[in-house]
Structures are given as C-alpha cells and as structure tokens.
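Hey, can you piece these two chains together into the complex? The hints should help.
Protein sequence lines correspond, in order, to chains U and S. Per my numbering, residue 12 is the first one in the first sequence, and the count goes up by one each step. Per my numbering, residue 53 is the first one in the second sequence, and the count goes up by one each step.
FYI, nobody ran anything at the bench for these hints, they're computed from the structure. Note that the structure is predicted; figures quoted are calculated from it, not measured. For every residue, glycine included, the Cβ atom is placed at its ideal position computed from N, Cα and C.
Label-pair distances were calculated between CB atoms; the ranges are: (1) U/Leu-282 with S/Glu-97: 24 to 34 Å; (2) S/Trp-188 with U/Asp-214: 47 to 57 Å; (3) U/Leu-43 with S/Arg-93: 42 to 52 Å.
Taking lysine-lysine pairs in the DSSO-like style, the calculated list, with each CA pair at most 27 Å apart, reads: (4) U/Lys-234 with S/Lys-60; (5) S/Lys-60 with U/Lys-227; (6) U/Lys-311 with U/Lys-234.
Spelled out from the first residue to the last, the chains are:
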Amino acid sequence: MASVTEAPLLAPQSDKKPPRKRGRLVPYWLLLPGILWLLVFFALPMVYQVSTSVQTGSLEEGFKVTWHFQTYWNALADYWPQFLRSVLYAGAATILCLVLGYPLAYLIAFRAGRWRNVVLILVIAPFFTSFLIRTLAWKTILADGGPVVGALNTLHVLDVTNWLGFTSGDRVLATPLAVVCGLTYNFLPFMILPLYTSLERIDGRLHEAAGDLYAKPFTTFRKVTFPLSMPGVVSGTLLTFIPASGDYVNADLLGSTDTRMVGNVIQTQFLRILDYPTAAALSFILMAAILIMVTLYIRKSGTEDLV
Amino acid sequence: MAFVRWFKRNLVVIGGLLTLGYLLLPNVVVTVFSFNKPKGRFNYEWQQFSLDAWRDPCGVADMCGSLSISLQIAVWATIGATILGTMIAFALVRYRFRARGAVNSLIFLPMAMPEVVMAASLLTLFLNLGAQLGFWTILIAHIMFCLSFVVTAVKARVMSMDPRLEQAAQDLYAGPVQTFLRVTLPIAAPGIAAGALLAFALSFDDFIITNFNAGSTVTFPMFVWGSAQRGTPVQINVIGTAMFIVAVLFVLAGMVISNRRNKQKA
Chain U
12 MASVTEAPLL
22 APQSDKKPPR
32 KRGRLVPYWL
42 LLPGILWLLV
52 FFALPMVYQV
62 STSVQTGSLE
72 EGFKVTWHFQ
82 TYWNALADYW
92 PQFLRSVLYA
102 GAATILCLVL
112 GYPLAYLIAF
122 RAGRWRNVVL
132 ILVIAPFFTS
142 FLIRTLAWKT
152 ILADGGPVVG
162 ALNTLHVLDV
172 TNWLGFTSGD
182 RVLATPLAVV
192 CGLTYNFLPF
202 MILPLYTSLE
212 RIDGRLHEAA
222 GDLYAKPFTT
232 FRKVTFPLSM
242 PGVVSGTLLT
252 FIPASGDYVN
262 ADLLGSTDTR
272 MVGNVIQTQF
282 LRILDYPTAA
292 ALSFILMAAI
302 LIMVTLYIRK
312 SGTEDLV
Chain S
53 MAFVRWFKRN
63 LVVIGGLLTL
73 GYLLLPNVVV
83 TVFSFNKPKG
93 RFNYEWQQFS
103 LDAWRDPCGV
113 ADMCGSLSIS
123 LQIAVWATIG
133 ATILGTMIAF
143 ALVRYRFRAR
153 GAVNSLIFLP
163 MAMPEVVMAA
173 SLLTLFLNLG
183 AQLGFWTILI
193 AHIMFCLSFV
203 VTAVKARVMS
213 MDPRLEQAAQ
223 DLYAGPVQTF
233 LRVTLPIAAP
243 GIAAGALLAF
253 ALSFDDFIIT
263 NFNAGSTVTF
273 PMFVWGSAQR
283 GTPVQINVIG
293 TAMFIVAVLF
303 VLAGMVISNR
313 RNKQKA
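Here chain S stands alone, though its shape is the one from the complex (with noise of 0.2 Å):
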C-alpha cells in the first residue's frame, strides 16, 4: 500500500525521468559504438571493444574535410547572421516605423515553414538564375534561416533592459558612442551570445535545406547522410561523442564562472 501511495505521489517523476532515458539513450549508443569493431561496412552491430577509430579518427576519407567545410560554414553564417540579427532586434525593440507587422511576419515566416519548403524554394530561385552551387549558395541560405531565431534572442534581451542605465550614462556626459560601446552592448551581451551559439548550432547541424543547395559540396551531415547509404565508419561516432563531451564541458564550465560570479556579487 504505501508503494502504491509513494508511486501515486512520484507518478510524474517516474514519467518525466523516462522521458529523458529515451531522449538521451541514442547518445549513449553513439558513444558506446565509438568504441566498436564492426564486421561489415555498417556500425550497427555491436561485434568488439576497440580503441582504433579514437586513435584515428581523421582516418576516413573525406570525412575530416567535411568537418572543416561545416565549421567554416557554421563561423560565417554566424558572424552574418549574428550582425544582421541584432540589428534587426535594436530596430524592432527601440524604434517606431512603418510596416513593423511586415517586418514581423517576415521574422516570424522563416520558423513556421517547413525547412524542406525553404529548401526548394531556394533551390528554384538558384536554378533559374543559374547560380553555381557549391560554398556560396550554403552560406546565403544558413544566414537566412539562422537570422530569425538571432532577432528573437536579441530582441528578448534588449526588451527586458533598463533604459534608464543608458540615461544614467548619458547624464554622466558619455557621447551615444561611448553609451553603446560601454553600456547598452555589454548589456545586450548575453542575448547577443545566446541567438551566436544558437546560429552556430543550426548552421553546424543542419541537413535539409544544405542538402538542396549544397551541389557537389559535401558538409558534415551530407557526409553523415552518404554513409548511411554507402557504409558508416566508427569515426563518425567519434566525432558525435567528441561534440557532445566538448559542448556539455562548455555549458559546465558557463555555470560554474556564472555561479561564482553571483557569489562573489552576494
């Protein structure tokens, strides 16, 4: 009885700690066969324990150099679409002017489509301008779809800010240059920073629309994409379980210095 009782009262913790076992149990398996041998061309059946793929993990074709194609792409598209973001996020949150509703819909338009919509669209508009495609096309269509979810980030930072902090500092007699370099940027910061990561991750992972207008340019999803038809290599799980060990350090590391800061506040 007082099992049924503890169970009843624990009924949404035991449902919720499921769900994270499903939503984390793929990342486990990736990093348990990171360390597999497998038989055939496949990394699908666990055979035995091996360190081969960690020790080389470059030592598949082509596959280093998708990665470097990706990040190149993720650091360009982030820059772009992090300037143009935030400035569309300044003008929306400090400015009146016409047509705000369009410019809002235009935003907003982006995230409620399907991101194989996007994708083709794009490729039309290439194919009957008959543009290359290839480096160029990837990076245009990445700071598109990243440039909506930058505004949103910003903009919820720049909303929630105090203006009468950039009103202290102009009493004080700093110009509008000094007040935007030395208070409302440093303030912005976290928003700014957060819509960066975000971009950064979209870019890096995206598959769907890189696909499309991608041409004979191979990222590191298309790469991941062409061997599960070809034959996927151990090293592709070194390089999932790298990423996922190098991001939780980053977030670890971003809570720490967070916490310590607060104490040293308190």
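Chain U on its own, in the form it takes in the complex (with noise of 0.2 Å):
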C-alpha cells in the first residue's frame, strides 16, 4: 500500500510528469478501503435497518421482508409522547446549554488573557473520566434531602420547577429537570468550542470601532460579537442537539420511567424486548427527523460551509 500513496503525492505540483495514468488512479486508491468502510458498516445499516422496519415475524419463526408498513404508524402510535419529549429535552438542553456556554466561550475569547490555555484545558478535562461515571456523579449532586436540593428548596426555585412541572415534590432526581440537567452537562463542551471558535476569529478592533461609535456594551454585543459569532452558534447548537435527541443514557440514569426518551425505547424494543422491526421502524423515524430538522435548520441560518 505505501508505494501507492507515497509516489504520486505531489505529483499536481512537480515538473516532471508521473505516469499519468497511475496518477489518475491514486485518489482512488486512497480512498478506497475508508470509504468502502463506511459504505459497508454504515451506509449498508441503513439499508438492512429500513428492510429490518418492514419485517414482520417472531424470534423463533424468523424474520421475513413482508412490507408491513403499519409497523410505523404503531410505533409513532405507541411511542409519541418519547419522541416528543425527545424534542422538548434535547431542545431545553441546546438552549440551556447556548446560554451556560455563551459566557465561557466568550471569557476565554477575549477576557482569560494568558489563563486562556488553561481555561480551554479545563473544559475539555471532564472527557478524560469516562462520561457514564461522570453522569452517575449527578446522582450524589442532585440526591433528595442533598445541599443542591437542599438550596433550590430554601430559594423556592422547587416551587417554581413543581408548578411547571419539571419535577415533583421535593425531588430533582427522578425528574425531566435532572435528565435535562444531565444532557445539559454533558453536551456544553461541543457548544462552548465551536463558540469560541468562531468569537476568536472577530477582530477586536470591531469592538472598539462599536464603542466609538457610541454603542453601549450590550448594543455592541447585539449588533457586532453575536451576530459574527453566528457559525459557532449554528454548529454548536448541532452538535449539542442531535447527540441530545438521541442519548438514552441521561434519561435511564437520571430519570425515571417518566422520562423516557425515544433512544430509551430503541434501546429496549432491539436489546430487551427484541422486537426488531418496531425498534428499526423508530430509529429510521429519528433519523429521517434530524435530517429533515438539519437540513432546514442549515438552510434558515445561511450557514452552508459546515461540512
């Protein structure tokens, strides 16, 4: 293999003519055993997973194609409220996380000085522990009669959150607030580096040139940094809502049956319950989901040069 990459490499820029027809072929080489890769392993899957979908069968009999496309409309039947609060958590989760993350991104942009290296180390330090113990972690945080909950009580947020509905009694674990908590933690670090991506690119000269011209502050955060940081916010918020949408892992830890969401239910219609095709039908619903809420999403921002 290495004789075929090495070779032609430069051969764009070089004088002396290579082969040509060699050369031709070297691209093609390269991407042959990646590519063929991820058509084999992940595109084929999803092919396998539509025909798994329109199955129908037992464990013991076997599974045959019969095109029973009810399948589906049971599933979105059966399983509407997970997918819809797939939606609402992962989307308080983005939100929240756009908010908690937006400050930091900043800080280290433009206010960590020579601490800048150190605060980046620091966000990403969390993924060096294992992300199940760290979320398993939130259990001990957020434990009834613990100091957090202790101090939500006192403050009277609880009563806040029971009124809305995002938890109940005096418990934050167990509840949409502890499984929205947790996605939340989870998922900041993919939004605060593509923020402060994309704010350490804006030139600091626009910010003087923004207080010259008498802007306060906040006006110049709302007209100049913000709308400049646009891509970040587009990527990050990406980043952080399709994983979001998909996870299972917050709402079994953290949650309760409540809470499940639609990847809890892949998880146990394929893992536990073995019925193939409904978990195969749900999981094409999401991905056609996303794909359809990303393409518009990408479409409505004007940000086109993420891939």
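Structure representation (structure tokens):
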C-alpha cells in the first residue's frame, strides 16, 4: 500500500510528469479502504434497517420482509410521547447549553488573557473521565435531601419547577429537570468549543469601533459580536441537539419511567424485548426527523460551509 | 455603587466561571467519592474516608478485565481509523476526483447522526448476516464512527500546509518517497496525532454503539452501566480519577514541551 500512496503524492505540483494513468488512480486507491468501510458499516446498515422495519415474524420462526408498513404507524401511535419528550428535552438542553456556554466561550476568547489555554484545558478535561461515571456523579449531587436540593428548596426554585411540571415534590432526581440537567452537562463542551472558535476569529478592533460610535457594551454584543459568532452558534446547537435527541443514558440514569426518551425505547425494543421491526422503524423515524430538521435549520441560518 | 459597576463589568467572567464550575463539579465528586467507604452496594452517599479502593483498584470482579478489553479495542480502533482516515484526508486535499460531494457527505453524515441510530442500524446488519457479536463487531463499529473525526482533524492540518515546502524538497533532489517521509509526514504529524488522540478517546469512552453491538463482551463503559443497576463499587471512581490525572499530566507535559521548543526557536 505504502508505495502506491507515497509516489505520486506531489504529482500535481512537480514539473516531472509522473506516469499519468497511475497518477489518476491514486486518489481512488487512497479513498478505497476508508470509503468501503463507511459504505459497508454505515450506509449499508441503513438499508438493512429499513428492510428490518418492514419485516414481520417472531424470534423463534425468524423475520421475513413482508412490506408491513403498519409498523411505522403503530410505532408512532405508541411512542409519540417519547418522541415529543426527546425533542423537548434536547431542545431545552441545547438552549441551556447556549446560555451557559456563551459566557464561558466569550471569557476564553476575550477576557482570559494568559489563562486562556488553562481554561480551555479545563473545558476539555472532564472528557478524560468516562462520561458514565460523571453522569452517575450527578446522582450524588442531586440526591434527595442533599445540599443542592436543599438550596433549591430554600430559594423556592423547586416551587416554580414543580408548578411547571419539571420536578415533583422535594425531589430533583428522577424528574425531567434532572434529565435536562444531565443532558446539558454532557454536551456543554460541544457548544463551547465551536462558539470559542468563531468568537476567537472576531477582530478586536470591531469592538473598539462600535464603542467609538457610542454603542453601549450590550449593543455592541447584540449588533456586532453575536451576529459574527453565528457560525459557532449554528454548529454548537447542532452538535448539542443531535446527540442529545438520541441519548438514552441520562434519561435512564437520572430519570424515571416518566422521562423515557425515544433512545430508551429503541434500546429496550432492540436489546430486551427483541422486537426488531418496531425498533428499526423507530430508529428510522428518528433519523429522518433529525436529517429534515438539520437541513431546514442549516438552510434557514444560511451557514452552508459547515461541512 | 462601585461594587455594582465592578459586577456589571465582570458579569461575563462571573457567568463563565460559574459554567466552568458546573462542568468540573462532577469530576470533583468522582474524586472525593473515590475515598469513600459506602455502607450499601451504591457509592452515592458519603460515609467515611478510606483508602481501601485505592489500595486495591482491581478488587472488583471483572472490572480490570473490562478495562483491558476497552484499551485493546481503543488501540486497534485508533490504528485502523487513523490509517484509513489519513488516507482519505490526503485524497480530499491533494487530488481532484469524481464524486467528491458524495465522499464528503459520507464522511459528514456519521457525525450528524444520533449515535443510537448508527448503533441500531449496524445491529440490524449484523443480525441479518448472522454475525457473532463481540470483540470484532465492537472494533468494526468503533473504526466506523472514529473515521470521520480523524479525516476532519488531518484535513485541517494538510490544508494549511505550504505546498512550496514539498517543491523545495524536490528541487533539492529528494525522491517522492523521501519527500513524503521527511517533509510531508512530519508537517502533517500534529494533525494525525490529534486525530488519533480523538479516536482513542472516542473509542475508549463509547457506550451507546458498543452497548448495541457487544453481545456478551463487556467493555469498561458497559461495566459501569451494569454497575449502575447492580451496585457501584468505589473502584470505578478510582479508575475515573486516575484516568483524569494521567490525561491532565499528559496535556500539561505537552504544553511545557511545546513552550520550551518555542522559546528555543525564539
């Protein structure tokens, strides 16, 4: 393999013309193994997923393709609350990530000075510990009767969230609030890093110019900084919303049976109930929904250079 | 009044630091609770200080075995994804070819897909083919989802490379192989290293895709998941803390080395 990859690497720039035929094939040789891998283990499974979703049968007798599209309607009819919940929880987590992540990204880009690298490392550092262990830590933090719940109670925050239906009684654990809190925590770095990248590119003199033209700090932010950081906002929200909508770990570890998301349903159908057609149909609906939403969102926000 | 003005001016800093605290709080809890001596099977409530778990990190049945499986898979997945991904990245930056758009979307899509969808669809493939789930199916899956991230990392580096450096090497009578090994590869190395590190981290910590395609093989994240149902041993926190410390030391060492190099250059 090596000799094929190395030889004509410089062909386009060098004066000496390499044997043409071989040179033209090089990119295809370079692409072949990796693209084949993606085709067989990423694209082909999508086909099998669709085929599985229209099969009927049982584990004992085996499944056969019968073009039973009814499965899709049944899946939607049975599990629309979980779909709705996924969109709501993932949406709430995405907004929270943006609200919480923006000040930190701004701090790293403009205010951290020589601490910039240290803060950046601290943002990435949590990744070094398995995310399941860190998610379990939230069970301790949000424990019933613990300091966090106590503080929220004293500040009457729980009264508000109870009224909104995010929590129930004196508990945070096993409520939607805990799940959204876990989702927000897990995907926050995916928001902060793209935000930071796009903020860092902004020319600091634009801020000065805005100030010279008598813009108040907040006006400068609203009219200059935020619009210029839009590419970061768009890719950050995508990088948060997409994985959050398919996540089942937070809903399982921090939630209850009332907080199950579509990921939880797919997981139990596939791995415990072994109802493969329903599970495949659900997974296909989720995929289609995400692809449509992402396409519309990218169109709307006009940032096409993400890919 | 002065305080209010100070507060207003530093609002962003205060907000940012609060977020940083939110991000780091679980790590603090994990570390503190690695010194706990819990009463029941679950390590969620603080009881008393103890070094038991640190003295006997492998004291829990099967945990260190799962850790070694995870490490093996991560190493092989990193090697596989880095080689395949680097090749694709070079092809994308250096060559014109047909179907470039299709190739780009094939690389972008795995990153824009909820993990559970990739996990479920890959499982349908393995089920339909009657493949035996285990080490190999996990490895196949990991190489698949790490590949795109390696391509992105390497592509960024190769794109910013000055092609004149390679022309200079050729002008100085370096052959193609020599140019690649002594000029191209060293310049692309940081990008390849970044891609490899990312692949390792992603593979080592992956749970969702592994959970679907593991069969009865238990990786470390799967062990943690199981223990959330059966009872969480303190040793999990020891491993979590140790991984955190090792990784931070790694990063700090890298920073010190690159600082020194920059100083030597200057």
